[in-house]
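Enquirer: Here's the letter readout for the chains.
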Amino acid sequence: MSSIMTSKIRQRQIYQVISSGKRLDGRGLTDYRPIKIEKGIIERAEGSARVLLGKTEVIAGVKVEVGEPFPDRPNEGTFTVNSELVPLASPEFEPGPPNEDAIELARVVDRGIRESQAIDLEKLCLVPGKKVYVIFIDIYTLNHDGNLIDASALAALAALMNTKIPIYTVENGEIRKTSEYMPLPIRNYPIAVTFANIGDKMIVDPWLEEEEVMSTRLTVTVDKDDKISAIQKGGGGALAPQQILEAVCIAKEKARELRRLVVDSLG
Amino acid sequence: MIDEKGLRTDGRRPNELRPIKMEVGVLSNADGSAYIEQGKSKVLAAVYGPRELHPRHLALPDRAILRCRYHMAPFSVEERKSPAPSRREIELSKVIREALEPAIFLEKFPRTSIDIFIEVLQADGGTRCAGTTAAALALADAGIPMRDLVAACAAGKVDGVLVLDLNDIEDKEGEADMPVSYMPNLGLISLLQMDGSLTFEEFKQVLNLALEGCKQIYKLQKEALKAKYVAIKEEVETCLQS
Numbered sequence: 001m002s003s004i005m006t007s008k009i010r011q012r013q014i015y016q017v018i019s020s021g022k023r024l025d026g027r028g029l030t031d032y033r034p035i036k037i038e039k040g041i042i043e044r045a046e047g048s049a050r051v052l053l054g055k056t057e058v059i060a061g062v063k064v065e066v067g068e069p070f071p072d073r074p075n076e077g078t079f080t081v082n083s084e085l086v087p088l089a090s091p092e093f094e095p096g097p098p099n100e101d102a103i104e105l106a107r108v109v110d111r112g113i114r115e116s117q118a119i120d121l122e123k124l125c126l127v128p129g130k131k132v133y134v135i136f137i138d139i140y141t142l143n144h145d146g147n148l149i150d151a152s153a154l155a156a157l158a159a160l161m162n163t164k165i166p167i168y169t170v171e172n173g174e175i176r177k178t179s180e181y182m183p184l185p186i187r188n189y190p191i192a193v194t195f196a197n198i199g200d201k202m203i204v205d206p207w208l209e210e211e212e213v214m215s216t217r218l219t220v221t222v223d224k225d226d227k228i229s230a231i232q233k234g235g236g237g238a239l240a241p242q243q244i245l246e247a248v249c250i251a252k253e254k255a256r257e258l259r260r261l262v263v264d265s266l267g
Numbered sequence: 001m002i003d004e005k006g007l008r009t010d011g012r013r014p015n016e017l018r019p020i021k022m023e024v025g026v027l028s029n030a031d032g033s034a035y036i037e038q039g040k041s042k043v044l045a046a047v048y049g050p051r052e053l054h055p056r057h058l059a060l061p062d063r064a065i066l067r068c069r070y071h072m073a074p075f076s077v078e079e080r081k082s083p084a085p086s087r088r089e090i091e092l093s094k095v096i097r098e099a100l101e102p103a104i105f106l107e108k109f110p111r112t113s114i115d116i117f118i119e120v121l122q123a124d125g126g127t128r129c130a131g132t133t134a135a136a137l138a139l140a141d142a143g144i145p146m147r148d149l150v151a152a153c154a155a156g157k158v159d160g161v162l163v164l165d166l167n168d169i170e171d172k173e174g175e176a177d178m179p180v181s182y183m184p185n186l187g188l189i190s191l192l193q194m195d196g197s198l199t200f201e202e203f204k205q206v207l208n209l210a211l212e213g214c215k216q217i218y219k220l221q222k223e224a225l226k227a228k229y230v231a232i233k234e235e236v237e238t239c240l241q242s
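Top to bottom, those sequences are chains A and B.
If you count by my numbering, then the first sequence holds residues 1 to 267, one letter each, in order.
If you count by my numbering, then the second sequence holds residues 1 to 242, one letter each, in order.
Please note: incorrect hints may appear among the correct ones.
[Stated by the list, open to error] Derived DSS-like pairs (lysine-lysine); straight-line CA-CA distance at most 30 Å:
1. A/Lys-224 with A/Lys-63
2. A/Lys-252 with B/Lys-81
3. A/Lys-55 with B/Lys-81
4. B/Lys-81 with A/Lys-131
[Claimed, not checked] Restraint ranges, calculated between C-beta atoms of paired labels, are given here:
5. A/Asp-120 with B/Asp-10: 50 to 60 Å
6. B/Val-236 with A/Lys-8: 29 to 39 Å
7. B/Glu-23 with A/Asp-72: 47 to 57 Å
[Claimed, not checked] Here are some of the chain B residues that sit facing chain A, going by a computed Cβ distance under 10 Å:
8. Ile-20
9. Glu-23
10. Glu-91
11. Met-178
Treat the hints as calculated values from the structure; they're not laboratory data.
Backbone N, C-alpha and C fix where the C-beta goes; we use that ideal spot for every residue, glycine too.
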């Protein structure tokens, strides 16, 4: 997901600073940029959140509808994650249907939520086999300054935690919307932690210029019980097994740190 | 999913691969090609290039661009799949391309493209790995200089047991699936995905299991490459004798 052109001199500078264990913006190798999470920023959406990760800015909106369940899961609600790299977010983004970067981004966020069973889908069934809640999570990138995956995963989780779904009454298989709302049942808090491999170092939360320099990206999603729910390697490089194991260890610590932030910000 | 003897639905032990058949040079039009059968999964891969790139403005002045399309045939799965590329196929095309990229000396062919086409003819789990394995063979068959072959294999967790090379049911019903591609000579992992739920200890074991699988597949790849030239050598010898 690299975008701006970084000059060769700048690239070498980033590379050298990182190989000495520091970073150009003063962070340590495993430090995140300042994170700010705001909830409920879009009143029309059933749930929403804005995440600022340094200068990277992402909003996630949740819309809720009633639809049919998947035939193999008649007693469960469904959800989809979509992401849009809208052209106002970066000179490199172009209008049109989602490209492979946007699709990968959405699918990595989706896997974290799905595999950690963050949403209690069984509680989202209205009429078994016929009517269930359908949750749409749409992620909008507003400003791309690197590490869209972690920002998007945070925004999606925060928006889900902020979501209120309309209560329906069921009579003889017919459903009727009431004016009451209840919180979306959330039972896990998956956190994505992304690394960039630069030289022999694995750094956390790469910003845009570091993404330009990195050979490989690694995202580890960790759930509230310290279990790994999803992993995705990206970029045209390769990693030694030892580097991966180290990253997974760091991810566990970082995920705890970020989870506290999301939970605190939403009360 | 695992019986009382510790055997899997298809009778395999946890650390056992499915029967694998590989063949190189199966398509005459392509610059390189390969076919792999891994259990019931059947996958074809073809490579065209290095060749002139269209559209031209995509060309890079210092290296070739690598393009990859992973695609499933409509008849490859139980219910007909629409031939239009799905979001899953678009993502897999990307991760497979990125799995092969570190193995290829792209800088030897500036301004050109190398195109990889992977067609899944029948899917029974592990098709992205089988596709990666076949594509690496097709690249080698096309004579493209490579740092190493790329061998891919998944491992995961089914019914609480860590298993190698999951088939479709195991993937769907199991607790975790982790596709891995490995370049044994370089000791580097170029594809890594995981979904499910694993503790750190389990993750470590599953990764090691997958790497063992990759090493076995690597051996089979080398045999398949050699087999093509043994066949040619024998043909030449019979010609000379007659």
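Enquirer: Going through the numbered hints above, which ones does this structure break? Give me the numbers in ascending order.
Expert: 2, 3, 5, 6, 7, 8, 9
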